[in-house]
Structures are given as C-alpha cells and as structure tokens.
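Note that the protein sequences, when read in sequence, are chains A and B.
182 is the number that our numbering gives to position 163 of the first sequence; each next residue is one higher, with no gaps.
88 is the number that our numbering gives to position 15 of the second sequence; each next residue is one higher, with no gaps.
FYI, nobody ran anything at the bench for these hints, they're computed from the structure.
Everything hinted at is true.
Some chain A residues well away from chain B (every beta-carbon gap over 10 Å; in silico):
(1) 39
(2) 43
(3) 140
(4) 189
(5) 190
(6) 255
(7) 269
(8) 292
(9) 310
Computed list of lysine-lysine pairs in DSSO-like fashion (alpha-carbon distance at most 30 Å, straight line):
(10) 153/A <-> 87/B
(11) 148/A <-> 128/A
(12) 153/A <-> 128/A
(13) 153/A <-> 86/B
(14) 128/A <-> 149/A
(15) 149/A <-> 87/B
(16) 86/B <-> 128/A
(17) 86/B <-> 148/A
(18) 128/A <-> 87/B
(19) 273/A <-> 241/A
(20) 87/B <-> 148/A
(21) 86/B <-> 149/A
(22) 273/A <-> 250/A
Covered stretches of chain B (in silico footprint by chain A; criterion: 3 or more residues with CB under 8 Å from a CB of chain A, positions within the stretch not fixed):
(23) 82–94
(24) 196–203
(25) 207–214
Where is the CB? At the ideal position from N, CA and C, for every residue including glycine.
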Amino acid sequence: MLPIEVENLTKVYDGRAVVDRVTFSVPQRHVFGLLGPNGAGKTTTIKMLAGLIRPQAGTTRILGMDLTHRPLAVKAAIGHVYANMAFYPQMSGLDNLTFFGRLYRIGGKRLRRRVCEMLRFVRLWDERKKRVGKYSQGMKQRLGIARALLHEPSVLLLDEPTSGIDVQGINTVRDLIYHLRSQDKTILIASHQLGEIELISDSIGLLKGGRLITVGAPQEIKESLRGVLHKYVVHVSQPIEDFGVEVVQRRFVKDSNIVLASAPIESELAERFGADLVEAVDPTLEEAFLWMLGNN
Amino acid sequence: MTRFIRLVGFFAKKQLSGGTALLFVALIVLLVLVGMLTGARMLKDISRGLVQDLGTPAPSGPVVSVDVGSVHRQVWDATNATYWGTYPVGILAALRLTSRWLFIVLPFVGLLLASRGISQELESGLAQSLYVSPVRPSTLGMARMLGDSLSTSLLIGVGLAVALASGGWLVRLSVTTEQLVRSVGFIAILGVYTSVFILIGNLLSATLRSSVRSIWACVAVGLLVFAGHLIGENAFIATHPSYPTVPFPPREVNEFLYVHDMWSTGVVPTVEELTADATPVVYRYLLELEAHAQTVFDMVEADYWRERWYGFASPVHAIWEIAGQLLQDRHVDATEIFAPIPPLDPPPSIGTSLRRVWPELLGMFVVWLALFGLNVRVLSRMEA
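Kindly generate the complete structure, drawing on both the sequences and the hints.
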C-alpha cells in the first residue's frame with residue numbers, strides 16, 4: 020500500500036481538460052515534487068487529492084483509502100498547505116489553531132498540547148495571542164504549516180508553500196519542510212520553482228497542459244535525456260548570433276555562449292570556433308525541463 | 074453532535090463579533106425609537122379624534138378602544154377599519170406600529186449579513202482550510218446557517234429590547250407579563266423571518282463565489298422584495314371593493330327607536346326582538362338592514378381572505394399579518410367585527426393568536442425549510 024496513488028485523474032473545466040489522465044504514486048517517506056508552469060494543473064491536482072474539488076474521472080487513494088468512498092477518513096489523514104494561507108483574521112493564531120484542531124476531532128489536553136507544540140515548531144509562540152489579521156504572509160504560511168500538522172497526518176500536500184512571502188520567510192518555510200522530510204512524512208509538493216523542488220524531492224513529476232509528461236528521480240530524468248538533449252559551452256566573449264547549425268536554445272552568460280541542441284553538434288561547433296573553445300557538458304535539470312516543456 | 078453545536082456557536086460568535094453586528098443593533102434601536110415616538114403621537118391624535126367624533130372619553134395612553142354598537146354601526150366601522158382589525162396597547166402597540174419598517178429593513182439586513190460569508194471565504198482561501206478538514210461540507214454549511222440565524226435573531230432581540238425599554242420609558246408605555254411573552258414570541262418570529270433572507274444571502278454567496286457580485290445580487294433581491302411589497306400593497310388597495318352604504322332609516326323607524334329608548338345604546342334590535350307595536354315599515358327596514366349587514370359581511374370576509382392569500386405572495390405582508398394577530402390585546406379579525414364584543418372582552422390567548430396565523434407561519438416555515446435544504450445541497454457540492 021502506497022501513501023499516495025493517483026490513477027487517470029482528470030478534471031475538465033469548460034470543456035478543457037486542466038488535468039488530463041494523470042497517473043503517479045508516491046512511496047512512503049518520499050518527497051514528490053510536482054513541477055510545471057503556471058496553469059499546468061498542479062493546484063487542481065493537489066485540490067483533487069485533498070478532496071476540495073471532484074475529478075471527472077480517475078481514482079485517488081491515500082494510505083490505501085479511496086477518496087471518493089471515504090472522503091472524511093482521507094481528509095483526516097492528510098495535511099494541506101497552500102499558497103497564501105488564510106485564517107480568521109479577527110482571531111489570534113492560538114484561537115485559529117484551536118478551532119481547526121476541533122474540526123479534526125482533537126480535544127482537551129491533547130489539543131492544548133498539540134497547539135503549543137505546533138506554535139513552537141513554526142516559531143510563532145511569541146505571537147500566539149496576536150490577531151492573525153496582523154500577521155505577515157510569512158507568518159500566516161508558518162501558521163498554515165502548524166495547522167496542517169496539528170492532527171499528525173502521515174501525508175502532506177504542499178501547494179506552492181513559499182508563494183507570496185519574502186526571502187527570509189521562504190528560508191524559514193524551507194527549513195520547516197526539510198525538518199518534516201526528516202520526520203518520515205510522505206510529502207507531495209507542487210511548485211513552479213525548480214530550484215526549490217530539486218533540493219528536497221526524491222522524485223519529480225513534470226506537468227504541462229494538465230498532462231504528466233515525465234516522472235522520475237532528478238538524476239534519472241537527467242540521464243534519460245542523454246543522447247536526446249546536448250549542451251555545449253562555447254567560450255567566446257561575444258554573443259554569437261549564428262552557430263551555423265540548428266540549435267534549440269542559445270544564451271550568453273558572462274564570457275561564454277551556451278547552446279542546447281537536439282542532435283550532437285560538437286564537431287560542427289569545433290570546426291567553426293575551434294575545438295579548444297567548445298566544451299560539451301551535461302544539461303541542468305532546469306534546462307532538461309524547459310526542453311521537455313518545449314518539446315511536448 | 075457536540076462538534077456540530079460547537080461549530081454553530083463558533084459561527085454565531087463570529088457573526089456577533091463583527092462590526093456589522095453593532096451597526097445592525099444601532100439601526101434597529103434607531104428605527105424602533107423613531108417609530109415609537111411617531112406612533113405615540115399618531116395614537117394620541119386618534120384618541121383626540123374619537124373624543125370629537127363619538128363623544129367618548131379619551132382612551133388613556135396609546136389605546137384605541139372598540140365601541141360596542143349596533144349592527145349597522147359595526148358594519149360602518151368595518152368599512153372604515155376592516156384591516157385595523159386589532160387594537161394593541163402599551164408595548165404591543167409600539168412594536169406593531171414600528172415593526173412595519175422593520176419588515177422591510179430586516180430582509181436587507183439578513184441578505185447583506187450573509188452576502189459575503191461564503192464568497193469571502195472562497196476568495197481569501199479560508200474555504201480550503203475549512204473544507205480540507207474531516208467535516209462534511211453540508212455539516213459546515215448547516216452550522217454556518219444556524220449560527221448566522223441564531224446570532225441575527227439575538228441581535229434583533231437585543232436591538233428591540235433596548236429600543237422598547239428606552240422608547241417605553243420616553244412615551245410612558247405600560248407592560249404586562251403577557252405582553253412581554255407576546256413580544257418575545259413575535260421577536261422570535263422576526264428572527265425566523267430574517268433568517269429566510271439570511272438563507273437567500275448564503276445561497277447567493279455560495280453560488281456566485283464573489284463578494285462584490287453577491288452583495289449586488291443581495292441588494293437586488295432586497296429591492297425586489299421591497300418593490301414587490303409596494304406594488305402589491307398598492308394593487309391591493311386599488312382593487313379594494315367599495316362597501317355599500319347603510320340604508321337610511323325612514324322617519325318612522327327613527328321615531329320607533331326613540332320611543333323604545335334605543336338611541337342611547339346605539340343597538341338596533343333584530344327582527345325577532347321587535348315589540349308588538351312595531352309597524353311594517355320598521356320590520357321592512359330591519360330586514361333590509363340585516364340583508365345589508367350580510368352583504369357587507371360577505372364582502373369583508375372575502376376581502377379578508379384575499380388579503381390573507383396575498384400574504385403568501387409578499388413575505389412582508391405575511392409578517393405584518395402575524396404581527397397583527399400576535400401583537401394584540403383585544404378584538405380579533407375583521408370577520409368577527411359583527412359579533413357582539415363586550416367592552417372588556419379578554420384578549421385571545423397566545424395560542425389562539427398563533428392559530429389564527431397558522432397559514433402564514435406554516436408558509437414561512439416551509440420556505441425556510443426549502444431554502445435550508447437548497448443551501449445544504451449547494452454547499453455539499455461546492456468546490457473550494
């Protein structure tokens with residue numbers, strides 16, 4: 020039994036499939052990164068997993084439980100953090116957590132203990148009595164993580180958890196995610212920031228136009244592109260407009276021209292610019308993804 | 074169950090703690106106070122008018138009394154005061170006279186209080202936190218609707234209590250235990266009435282998913298209710314039948330009544346009560362008078378039921394009818410105006426008053442239930 024299993028998940032809005040037959044699974048204690056540009060269907064996929072919207076087709080199983088048949092049991096097993104978390108602004112952080120804790124059927128001493136633990140964990144203990152309306156977005160995101168962890172869920176769904184917060188806030192939230200990763204939670208994180216995902220994910224899925232175009236560990240994805248995508252650095256201190264061969268992408272960085280091509284062009288480049296100025300390197304994950312997005 | 078009750082309490086508290094709540098109470102107090110002062114003045118004028126017209130002693134305080142007169146006198150009264158049917162005193166008079174404006178204002182208040190609830194949660198993202206929790210969306214929705222309705226009823230109660238206490242002190246209103254019970258009962262019905270509009274507001278908020286659109290839609294519904302009421306009332310008045318006038322008694326009849334000392338009481342005897350010395354002219358006139366009374370009675374009764382049915386089309390009118398029955402001390406509806414009513418006839422019991430308006434109460438309850446069910450259905454299918 021896998022903590023997260025998704026099969027042919029489909030959601031159609033106005034006749035257009037925003038999530039189209041998406042299938043993936045996440046093993047226990049894994050961090051799965053769902054990547055994709057804006058509008059790729061990441062949030063819709065996470066919302067369907069959280070039971071916030073209903074799919075037109077497909078099945079979702081969390082800890083072996085079908086979301087359609089046991090929605091409340093599934094919801095009790097997941098924690099959900101989303102971009103720009105919102106709370107009741109007129110209530111304090113402490114009161115908000117207590118309210119949401121009760122929704123998860125936590126009560127009495129356990130609720131008080133968990134609320135205190137979580138407020139300390141997200142470093143909001145000193146601000147616990149302050150009205151949430153006066154919190155910064157970063158503080159709200161941290162409170163959101165506290166709310167998502169209050170009932171000790173085994174599966175965490177994080178949808179752009181660092182969206183809309185400043186650099187300091189991003190670092191704090193990232194630290195919290197690293198910490199959660201070490202706590203044996205199964206995490207599904209959606210983001211359009213590859214750097215953020217690459218650092219913490221065991222495997223990655225790339226969504227484009229609602230379709231999952233690739234799934235795998237970052238290294239596997241990079242290796243799968245060997246012989247398909249080629250990257251060269253041409254050490255010429257002027258931007259080159261014409262390489263004499265067909266390239267997928269070119270850009271000028273510092274004193275070098277970086278070229279991506281879908282066929283090996285090292286010999287053509289060496290002939291034109293000199294062999295000592297041309298260097299073949301592995302494409303980065305970001306370049307691989309951008310190439311994939313362009314090619315699908 | 075405990076969790077549901079807690080949720081209801083939470084939503085009620087949330088509604089009460091908002092700034093809108095205070096504004097709401099202030100509005101009610103202001104409206105009722107203005108109404109009470111105007112009403113007190115109006116009743117004083119009516120009392121003065123009664124003294125001039127009838128020569129009866131001025132009724133004390135804001136009281137209009139019913140004269141027990143002859144059949145034709147009562148028919149005449151009926152033509153003028155068919156729908157003035159009930160005569161409340163003290164605190165009930167204040168409530169009845171001032172609540173007419175509340176009937177129009179409360180739909181707006183209910184609609185606007187609920188208009189932003191769900192849509193704002195959807196817009197802010199709070200809905201995601203709520204609906205991702207292991208609570209059925211319908212349970213959350215029901216708790217919200219009950220919480221909002223309870224808190225609004227409480228606000229109406231507090232507003233009216235403050236207004237009645239202060240206004241009552243200003244115009245020196247009397248209050249008895251029964252009047253207080255009737256007032257509380259009526260305020261509770263006002264709460265249900267307002268919650269009908271809260272449910273409509275909730276429905277619009279959940280369906281439109283945008284605070285701005287929802288507020289405009291609620292204002293439109295409120296205006297529609299108001300316009301419907303105005304148009305309905307005017308149409309009703311325009312189609313009001315004109316009653317035939319009382320046949321003028323011939324000289325011989327007047328002489329007969331004078332001889333038999335019947336002018337002082339104003340009560341015309343029935344044909345069976347006539348003494349042996351009555352002439353055929355007197356007999357004929359009395360028969361004509363009874364036929365006339367029957368005609369007017371039928372017309373009044375038909376008109377009365379027409380008005381009752383109209384209450385189903387206009388919720389404002391329905392609550393006005395309920396107020397008319399519940400906020401009374403003596404005398405009942407128009408059809409009974411022909412029955413001899415002793416001057417100190419005790420008021421109908423609260424149960425009787427409620428029974429008289431069962432169609433309106435049932436109608437309101439059915440509408441409330443239907444809207445509640447529709448809300449639950451929409452909310453349980455809502456996507457956050």
